[in-house]
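Peer 1: Protein sequence lines, in the order shown, are assigned to chains H and B.
The numbering of the first sequence is our numbering, which starts it at 1 and goes up by one.
The numbering of the second sequence is our numbering, which starts it at 472 and goes up by one.
Heads up, a few of these hints could be off.
Straight-line distance between alpha carbons at most 30 Å, and here's what the computed DSS-like set of lysine-lysine pairs gives [said to hold, decoys possible]: (1) H/Lys202 x B/Lys534; (2) H/Lys345 x H/Lys454; (3) B/Lys534 x H/Lys220; (4) H/Lys161 x B/Lys1165; (5) H/Lys14 x B/Lys728; (6) H/Lys161 x H/Lys184; (7) H/Lys202 x B/Lys591; (8) B/Lys591 x H/Lys29; (9) H/Lys29 x B/Lys728; (10) H/Lys271 x B/Lys1165; (11) B/Lys728 x H/Lys220.
In silico contact screen, one side only, chain H against chain B (beta carbon under 8 Å); selected entries [stated by the list, open to error]: (12) Cys107; (13) Glu148; (14) Arg361; (15) Tyr439; (16) Leu443.
Read the hints as simulated data drawn from the structure, not as lab findings.
Since this is a predicted model, take the numbers as computed values, not measurements.
For each residue, glycine too, the CB sits at the ideal point set by N, CA and C.
Each chain, written out:
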Amino acid sequence: MVQFILNNQEVQPKLAVGTTILDFIRYHKHLKGTKIGCREGDCGACTVLVGELIEGDLRYQSMTSCLMPLENAHGKHIVSVEGINQNTLSPIQQAIVEEGGTQCGFCTIGFVMSLTGFAMNSETANSENAIAAIDGNICRCTGYKSLERAAARISEMKKGKPEAADFNWLVQEGFLPAYFKDIKARLEAFSAKDKITIGTKKIVGGGTDLYVQRPEEMAKTELHSFLNDAGLRTINEQNGHVYIGAAATAEDIRSNPLMQKIFPNLREHMKLVSSTPIRNMATIGGNFVNASPIGDMTIFFLALDATLLLTKDDNSRIVKLRHFYKAYKQLDLEADEHVEQLYFKTPPANALFNFEKVCKRTHLDIASVNSACLIFTKGDIITGAHLSAGGLAATPKYLAQTALFLAGKQINAEVLFAASQLIQTEVSPISDARGSAEYKRLLLRQLFYAHFLKLFPGKVSLASLTQAKNS
Amino acid sequence: MIKNITKGKVDTSRNIDSHNHVTGRSIYVDDLPELQGTLYLAVFGSPVAHGHLRSVDLSAAEKLPGVFRIFTAKDIPGANQIGGIIPDEPLLADKEVHFHEMPIALVAAESEAIAMEAAKLITAEIDPLPVIIDPREAFAKGHISGSPRTFQLGDSNKAFAECAHIFEGKADSGGQEHLYIETQGAYAIPMENGSLRIASSTQGPTAVQRTIAGVLGIPMHKIEVDVTRLGGGFGGKEDQASAWGAMVALVAHLTNKPAKFVLHRMDDMRMTGKRNPYSSDYKIGLDKDYKIIAYEATFYQNSGAAADLSPAILERTLFHLNNSYYIPNVLATAYSCRTNLPPNTAFRGFGGPQGMFVIESAIHQAANTLGIDPIVIQEANLLKDGDVFPYGQIAKEAEAISCWEESKERFDLKKIREEVANFNANNEALKKGLALMPICFGISFTNTMMNNARALVHVYSDGSIGVSTGAVEMGQGVNTKMLQVAAHYFAVAPERIKIESTNTTRVANTSPTAASSTADLNGKALAHACTQILDRLKEVAASSLDTSADKITLKNETVYVDDIASDLQWEQLILSAFQQRVNLSAKGHYSTPTIHFDKTTEKGHPFAYHVYGTAIFVSTVDCIRGTYTFDAVKIVHDFGASMNRMIDLGQTEGGLVQGIGWMTMEEVIYDETGRLRSDALSTYKIPDIYAVPKEIDVHFLKTDGSDMALFKSKAVGEPPLLYGVGAYFSVINAVRAFNPNWMPEFYDAPITPEKVLMGLYAI
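Excised from the complex, chain B in its bound form:
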């Protein structure tokens, strides 16, 4: 007998996980029930940032009661290698250490407390080597990862000769700690025949699987990686979850015991990489009408001690060097500079924000030197259909101008401008700053081969449905969107559908949940799987109702023939199909069409589509204390045809606030020895509820959306973070309202209260 489901319990207009979230029933790695005999891990990290590793003394630690075994590089049966793009990163330091807290030894003990105590008893003999933390110094000494990349369009050299105005300058942007509230972690359970099952807090289950297989020297099919959900990722668990997965796997493999490692916050902060800091030079040329005719830039990316994802991040910096503007003549070169910091990595925006900060700095300098509002230059150069990007793609369905114009009108920019001017004229100790930030972000992995996904759908004989994809739920609501897809195709109540964990044995060879593309890629793969089953079901229904399959539709759990409801309901249809031995499972596959990119010419069509938007920022600076607040951020954003407005709004508000954090209070500080000084929540500050803008107004631009997007609903993960750049310039503008003689010596984000106060009172 088939049990009826309780309809109306799941509302897909909201995040389907939210009930579990608010009751504490959602399960993260550290919440999994633990098996008897589980070993707990702790890492002994390098006490110096660079040096020759002479010896490691484990003797005191090994004697501590409760310590099971301690592992070093020589215990690794396979390759001591976790580098994703370039094999340049050992799991455990062998001959050299390259950053402070680089893992050297791995303690497995009966409890976490014992493991941590033992790790403190380990010592290492290291001959120190010079420490480099600055990317320009690394560049000067030739420490470059991979090859430099150069994007060129037109002839900038020639174009500069024709420019009415030319400005040169420097713009630096700082790192950013991901600060996912759930720290990195993994739990490995040995299975039979030398296999392992690993629960991991990762955006890239396949990356964890592949890394472990390499480290253990066993085939990938022996490694099952399962991800239920993440307590935040933001790029920090795209590549950098692999090390911890490999550590628990190594211990489980060598001891045949379950092994668990959930990092303590300070260890996580010290051992993992962050958003890549950049130092960049720019040269911008404008004609008399403020059209940007030529732009040159050199980007020095701080990759940290290993390549990690930095080469790909570097590439995206170049893809977004022109932000939302058309520039006919461009020459830009980017270097990934190797330093002695923990390997820096993906962070929402993936190099894009760093590139956009430079062009916005160039425009700000040009405008302020010319005595005009940067808005004038921004507006004069917005991209339109048919314009070519520096990498050869032609802008299509460009919404740069429509977002800009709509924001000006809807939010009455003229009035805002007057209000700011009036306020500043009438207030001595408080000054307001206005800035606009248009954005343009390309959607697709820039590495074309990664733009594919798969889904596995089972319809069970009782009519319930299980959906597996390669998408990892990390707060972005992808589970909800996947459920919407399945519910749409099968026309069933959402309660019938379960979104399964992301598991490498059900969906293999996945791309990480990244590049804002996960819902598009996996959703379209899921649609493919659903359609296959649906086609089979239509045949079953047609034969049962004595009609042809092309006349069959499903609506509201009912089979319709020629748009007229039949008596055939979903559960009965499924039971019939099952009894007729019809395959009720399907695997869907999707690979993004039309995209391509040739790295030899640095030209192509790398993106399925672009996302646009414009944000208006108004900030208030306290000119006595150098503190600031954001009065309002008003946004017109190109969501396409949003398939879930609540989730998309949450992504927009959240991305914006993260971007503001990066540009304002979030300051990653390493001292000259390469030691992280901002290594706790008490020293590294991210926005709290009082730090968010008093008003965030997000308007959904009316557009048809892109056919390349899932249900024409454009990708929303990363683009809103880019708005954050506007926060920086609105604060700079407010400081200049108090102290007009001041201009920053160079553009240097974040604009901390310290920089503000120094600017306010600079002579």
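Chain H on its own, in the form it takes in the complex:
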């Protein structure tokens, strides 16, 4: 039985565990503050806060309730706007009112919830982070500038928050009602969830793809959630390898100190990957298994030449991520087998990593083309390379030939130009809503160049590459 706290009330919904939190709170609990905009996680109107105990700490994250099954709420605290409303407006609600940050009002609650999440989380208090918290909220009216002004005010307020603050400060300052002080104890009182055997149940991670692709089917499906298995969310390093559990979310990766150390530009890269609420839900295993030819995290880890650990009952086997994709949406994955873990060799000091992505809208969009690379160098010489690109074939591509070609070459415009021609033989883009085939080929070349312009700024210039093209 799924059991969680909804606002200030313990609930045990007698509904299929695949029912979305959105439908539960709107149509079963009749809490109408949470709005429906798109039901695919792309507008943020249905954003709720989800509190969970992580290693003894109560941590809240924003999530889109339209993609979240009841199953994933088990043992957690789900907060809708009704759960933060008090007799007077919270400082966040007040800031939005005073800055004129609401027009038609339909998206507003999503912004209120996301910004409340920002006030509660441990991100540094500055405007940039406050705005990042609402990167998954769309306002069509569009009051972004006034919302930016409100976000700036909220980040100022958050500067007064004591470090390692408990909920007392948030309650005292009016951000939250007093009952939040007891939530931790109430969650701890829940008995540990019984381990469910996977059996024939459909495995779901964050639900961010399955609930977009087949919402009706999911609502009726018996689910087993990966997200509730803390053991599948770990990230650690052993013997020169980094191991990531399949249920680690994009946010788990983004905020992980080890990953940040290995990838100094990680936060910049991850800013290009979906939005805050989706990153809070989407798992790495889900991203691999949904087999999108353009999955950002797939492309990211392909360039690390990562390996997957697949498990069925008590049996495990490994498969290289680059061999995992056989054809469009076809995986080297047996029935009842699931992705358990991913690992890759910790890049040495002489290896540089980069991730590039271009789409119609820079943020919260699916790439026209994305690409990642890991380049090993000694002096001017490329000693080895891993290169990946998405959106150019039926599967995410590991660009083996181009990577091989680069090994042993000097970094200069001529070499990169030759590689940019070779790379075109490894892909077969089609024209679709994300761009014409011709555009995608040009974009691939440019993103390939972008890797080197970014990683080796002194060695090549855009002008030299453009001239190489013409010579």
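Fit chain B to the given chain H structure using the hints.
Peer 2: Using the frame of chain H, we list chain B on its own:
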């Protein structure tokens, strides 16, 4: 005993709805409590874009448990017709289907999930017919809605002979999905005597009422349409809310059960029309001083499969063909071309932006070919008082030049220009583009008969006030403005006033909330109603204070005699009036004076006034990746004497960003079979918080405002969207800074990252 109100709770300098918005207490259609027995609807839409409908098989769907009944065209008791201007659009397809997802059958079931599942079990036998999605192809085949329209001024043919420079070209602008975050929806409740009460998310309650009456074949007085608020409209719910209203009404009427239909996002995107795409040809002639002497244009409007509002939109394209410029010789013809797309419709700007994009393209081509900055041509041709518009109206209180000059000075255009040039000289992979966009927009419905409104005011015996108008609140803050009007006339605290829902039984025969005119029309009608009650109250006060009514004024809830405060307070005054059997209710009416337009000559004075402004755009293009950002948009805008700066600023920033979206990332894509490819938020991108310009600086031009505007505060809904056109040209200019040899083959908005990258590396 009269209870005192809590003063100070409502601040009319801000949107009065904002408290409810931030706490989630505002009520939209889907938030209404549902009645027992409510049926939920889903539509079976045509799987092809054009064809003869042979038969529909409902058998499998009807067998699904929980399905109550399925309706098709033959179930419609009245006229199967929802066309607003031209009766050319059936509610449910009968003999032919004209666009992909055109509604064919309507499922009513016990739950939404069952209704949707049942709709998927319906099949139709359709003999396909050729599909046309391109307006020029439709034109070539003679598929035109209504009559072509031609605006003429002077003699362009003769004038071209005298021009030093002549340029011809083509300019296309794409559609735009409204993407109101609240999807279309309606909820019908059967009442006694065959009447219906309908909650609708519509900008046009009367249009919904009239449509339902026609579809059901019953009089309008049996249909009550009520609108509390909209979660966005932008024109998409002006005419296109009627179909869903008619569907719930049809089901409620035929089953005597409540019926509800709130569209899922993808269904909404696939079934509803968008901003009309246009393809246009232009010819522009300049003299040696870059004065535009002659301009000719042919506009091919893509109307989609039915006329909807397209004929009126077409007209406004012609009204704005010259944007903010005086052109003495003009010849322009516009065709509404019928294609197999969902019927396209109103979208903020209503054809105006599409017309302005063409003249701006013509100027850009002329300037770039001549090797000068387009700013030179723009500046040389700005409208001034006394200039005649191509439709015969004489420019009065024109602020084109004052906005332009003020923007140049205030924002130091010279410095911006230098900074852009320096940046481009010193940066290899990033290039900046500068563009100016002056705007001019006519305020009034171009259909003169629509320029009227009514208001109903009740002052209750406890001194509280209820205000009903025909204005629909959809985020533009009209409730706040209406409250300001009532508070001003009665001189009472805003807490005393309640703005009621928009309801066809309280205010009848309304024009839709559209054309930026709603606050003007309804506000002036409201002022009329308030004044009537106020005059009666003054008589009561005069008799009570033993003076004459002309010496009475109301200030701050107190009666003043000769500007001296008396002891008589608002609540006491109202109680006295009530006890003296004075009528404390009034109906106000307003119809815009002086406007007229003759469609036979295409001349007249269609607009109460014009709104002007100038925007300066600076964009930065990433020349490696083909992406772009907007550094700044600096605007001097003619608000008149703004009655609510916060709301007007919100409208300006919001309209601007919507306009930028239309010109940049928003790409409506139909494939050759007429199927919408960009049918979700994942494939159709509107601006997010990172896509807005880093800086938006809006300066309110100091003017007296127009007497034709409510409190001299000019209409603000649509004009700011027009600035968006400048985004297109600033990006084009940045691409040309990287690749000077490139000019677009023709002007083709939106300027997506794809077009930018192809331009950057075009040989």
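Peer 1: Taking the numbered hints from earlier one at a time, note which ones the structure violates and give those numbers from smallest to largest.
Peer 2: none
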